[in-house]
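**Q** Protein chains in written order, with our numbering: chain A, 3 to 303; chain B, 3 to 303; chain C, 3 to 303; chain D, 3 to 303.
What the hints contain is simulated information worked out from the structure, not anything from laboratory work.
Among the hints, erroneous ones may be present.
[Claimed, not checked] Among chain A residues calculated to face chain B with C-beta under 7 Å, some are:
hint: 1; residue: A235
hint: 2; residue: A236
hint: 3; residue: T266
C-beta atoms are modelled at their ideal positions from N, C-alpha and C, and glycine is treated no differently.
Protein chains: 4
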Amino acid sequence: MYKRRTDLAMEAHELWKESAGETTRLEGVEARDTTREGFQVTTVKVLSEAGAAALDKPVGTYVTLVLDGLLRREDDAFPRAARALAAELRALLPAAPGEEVLVVGLGNRAITPDAVGPLAADHTLVTRHLVDRVPEHFGAFRPVSAIAAGVLASTGMESGELVAALVEKTRPACVIAIDALASRSLRRVCRTVQLADTGIIPGSGVGNARMALNRESLGVPVVAVGVPTVVDAATLCADVLSEAGMAELDPAALSGAGEGVIVTPREIDSQVRDLAKVLGFGITLALQEGLNFADAELFLS
Amino acid sequence: MYKRRTDLAMEAHELWKESAGETTRLEGVEARDTTREGFQVTTVKVLSEAGAAALDKPVGTYVTLVLDGLLRREDDAFPRAARALAAELRALLPAAPGEEVLVVGLGNRAITPDAVGPLAADHTLVTRHLVDRVPEHFGAFRPVSAIAAGVLASTGMESGELVAALVEKTRPACVIAIDALASRSLRRVCRTVQLADTGIIPGSGVGNARMALNRESLGVPVVAVGVPTVVDAATLCADVLSEAGMAELDPAALSGAGEGVIVTPREIDSQVRDLAKVLGFGITLALQEGLNFADAELFLS
Amino acid sequence: MYKRRTDLAMEAHELWKESAGETTRLEGVEARDTTREGFQVTTVKVLSEAGAAALDKPVGTYVTLVLDGLLRREDDAFPRAARALAAELRALLPAAPGEEVLVVGLGNRAITPDAVGPLAADHTLVTRHLVDRVPEHFGAFRPVSAIAAGVLASTGMESGELVAALVEKTRPACVIAIDALASRSLRRVCRTVQLADTGIIPGSGVGNARMALNRESLGVPVVAVGVPTVVDAATLCADVLSEAGMAELDPAALSGAGEGVIVTPREIDSQVRDLAKVLGFGITLALQEGLNFADAELFLS
Amino acid sequence: MYKRRTDLAMEAHELWKESAGETTRLEGVEARDTTREGFQVTTVKVLSEAGAAALDKPVGTYVTLVLDGLLRREDDAFPRAARALAAELRALLPAAPGEEVLVVGLGNRAITPDAVGPLAADHTLVTRHLVDRVPEHFGAFRPVSAIAAGVLASTGMESGELVAALVEKTRPACVIAIDALASRSLRRVCRTVQLADTGIIPGSGVGNARMALNRESLGVPVVAVGVPTVVDAATLCADVLSEAGMAELDPAALSGAGEGVIVTPREIDSQVRDLAKVLGFGITLALQEGLNFADAELFLS
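Next comes chain A alone, as it looks inside the complex (with noise of 0.2 Å):
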């Protein structure tokens, strides 16, 4: 079967929906729709490995926010969103409020659908230093440490490699990787993010798949959190098809046609900045329990 490429568990769960009828159950995933600072929050919870084989996902657990008020530039939308991200993540987040957090920034930056992990990273407070060496005022703190992991062709090092050589030097709790995903629909792109607590596989999102990042290549758990930057053009065909209505056609004759081909919006490059400051802040939100937005603001901006 022609199948639409997606890296959110939310739009792999509505597709086999879609395929297999609204009413039906699938076995061993459970979805929930809630409200979060008045964005639109989904949890795929996928349990059992026929559910992950249904869905194609590892079994854990995957949290994705609708940010639409974003892009539209409403009132207050940033810090909503930031304190959003907060809490949801936190809430996966398997590192006790005091414990190192290594926040890893994969992609490439020089290209700009890829550059939201390093640019996310970059927007992160960081303070590891600190707490070592100015403990009387940074003793508070939780100590995280970030870095962006550069690419395979630029390095010579995989991501994975690199991360896990500071994960074996540093001894963080947990690893939270920040990438690039795909998404089915264009719509989604930019203003959605997904928190899984399964690791992650970097560059998936652009079709290079590598080394995982995950409890088990590292030794510690990892948290993905994934923003959808790309779209492949025979997915976005399909997309445009159901969105006029139409029956959707015969798969097989689609296959091959555009392949390979990803595509991405035109203004792909303030979308991106501005989400990766999004995401910045939440993660900051997220890891240091003791500052609030306004602080953040001080340290970040």
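Model the placement of chains B, C and D on the given structure of chain A, informed by the hints.
**A** Relative to chain A, chains B, C and D alone:
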């Protein structure tokens, strides 16, 4: 009828032939394929108002170079592309060898697919001040000035208004205006250049039509140098379906779907940078007849 | 005599007093210190040709703000600096509230200490197109256009020529021209702003004097906004010696040494970025009387 | 005594001779001038602890290339400089031809004079992943990995800690560490490269000394590649006075004046970019014996 959106006369002609049948001849339009420096060159001449109406393009000559080897980074593709562009541009240029030319880069530097015009202007050899002040060394050069015209939102002035002010002040023999275009096909994005002696409407590639830059508005002839950097989502979809060999859908069904969504390839950053350099070199070689490619490298790299 | 190089009237006046003695009064020059929003403001009025000759500055009013808290990133230093600049600039502005103003950023974006003018123009709220096209929403705003005038080497046109073309075309009531200056002292670099109702000679801060931008050359009054970003090496040396409390050397001995070497602080990148933002906000608040700082943040950040 | 600040062994030796007299011989130090590809090469060998104490530099070999033609953009100065650097670096390199090397760019990308290390790492040909994955094509290359080590404030990790983690993980035969230095003289800034087999203390050029990168700290030999990009203000002043032929002042008098003020030439942006490219090419030619300059251009430009 559902219209695939394109700024390329070559594609408009293809689309007409697809609907009317390959063997039908379009009144008032002549098309011809040749080769230059190993690249395909398609010249479409719109000779009458009937032809103009059929293709939705003003009367004039449109020369399209397909620079396929460039993206594959074939050996010496860059100098060959610059020379091919120079030869075709010189043939269209309505200015005698020593006459002054103003080069205008249209578009928004902050949005990558719109930045090709400003970047190409940056890569053009500017000589007007040198010819004027150091005639003993630069007397043999054509005086060339260049400007990135900015965008309405950042200057408060239309590009056309700004260029008109400069034309009145500096009195060039002609204007070369570089801009981003929309193509019907992702396969042509960033590997095609269209030269036209008809002038240009800034921003037409990205949905914000403005005052035209042409002989009527400026009082001097305008040669347009356009590069497709975007495709609209519905057009892309129709293209993917055709590629898949499917009979075309009833176009009415698609109308409204994916509307206004403009896409661009994921690697747009490097593709736009590379092509802007080819444009700057090609324009420089067209304007300065005494320079060869190696000379231009000394001045421009 | 060895001349310390400075573009600041305040420093020229200091130097005159250092050579003539603190108690001597300079004929044709009035100086006065006040405070605005907690910052020191020095106003030097050059009233006669005798005063102009003594200070090597044209007849006119020069207002210097010393924004010391800004580099120390004191709480609310940024809004205070923007408001102080706005109040002083408005007092100098030769345009009635609704009259159009053209803001020009002079200098070279590619050289950090020269980039303050273009960056400040980027941070200025541009309204001319909105007042014209959406008068129902923007009718209460003053029409403001803005341009980074580029540099001779990249456009082939003098900044003065370009600005003159735009003034002829758009007919503003006055021009505000922003440029980098040279100071005698590194301590003033990037923490001082000079406003002058005399116009400006582009590039004078960095050694390439050009056609003046003033009422004589443009036909409309020109307010200059200048920021010292460089010091020449010999001037810096004389300053270090004075700071060390040493009797001044025979200046002839220094002539030729370190000549033409222009220096800048190591952290010039962030200092220029921060100050450009203050300038853009300050100019916007001066021009749009209905806006307060929080309003400007919504439009400009 | 007032100390002129320098990270160049060549300058430390000059200063010693200026104070001790040209004809005095310094015990434990050997210096020798030669020429390579038309550039002056000065080798200073610090042979004993007495020599180390006199020059305030660890025992080891320091090779300084003076790349004067480079800033004047003389014909073919770029390839000559890259080849000269490659030859001198190869002579110092403690690794056999096929052994893996890790190249580290130290310093802060956001501050231009500190960015030379990260930029040079960007211009170095990275092959480790290719040798490993495509041995049929890249088996003849030396495996090279490269990383910009970031700065403490942005990662929370010391550069030394990060490099140690990578050395433990990837086990290279040696490390090449590139960093910005301080010179005593603006005339040497951005036109001098110092190679040293002693390792390096990151950030020593700009006032923030850190954990050393050397055989003791990393367990593998470290070759330092340093470029002076800054001068401190008091040192510059002493230099300007000497240039003016003045007897040197009592240094105590200057102490405290201009203290901590670090300066850089106005055109630092383009100078750092150009020199980083020379470093990347030179390091690549040193490490890949089978490549010539034209080959390196294909890979690196």
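**Q** Regarding the hint that A236 (chain A) lies at the interface with chain B, is the smallest CB-CB distance below 7 Å?
**A** Constraint on A236 (chain A) satisfied, holds at 6 Å.
**Q** Would the hint on A235 (chain A) stand, with a C-beta cut-off of 7 Å toward chain B?
**A** holds (6 Å)
**Q** Min Cβ distance, T266 (chain A) to chain B: is it shorter than 7 Å?
**A** Check passed: Cβ of T266 (chain A) comes within 5 Å of chain B, closer than 7 Å.
In the structure shown, no violation is registered for any of the earlier numbered hints.
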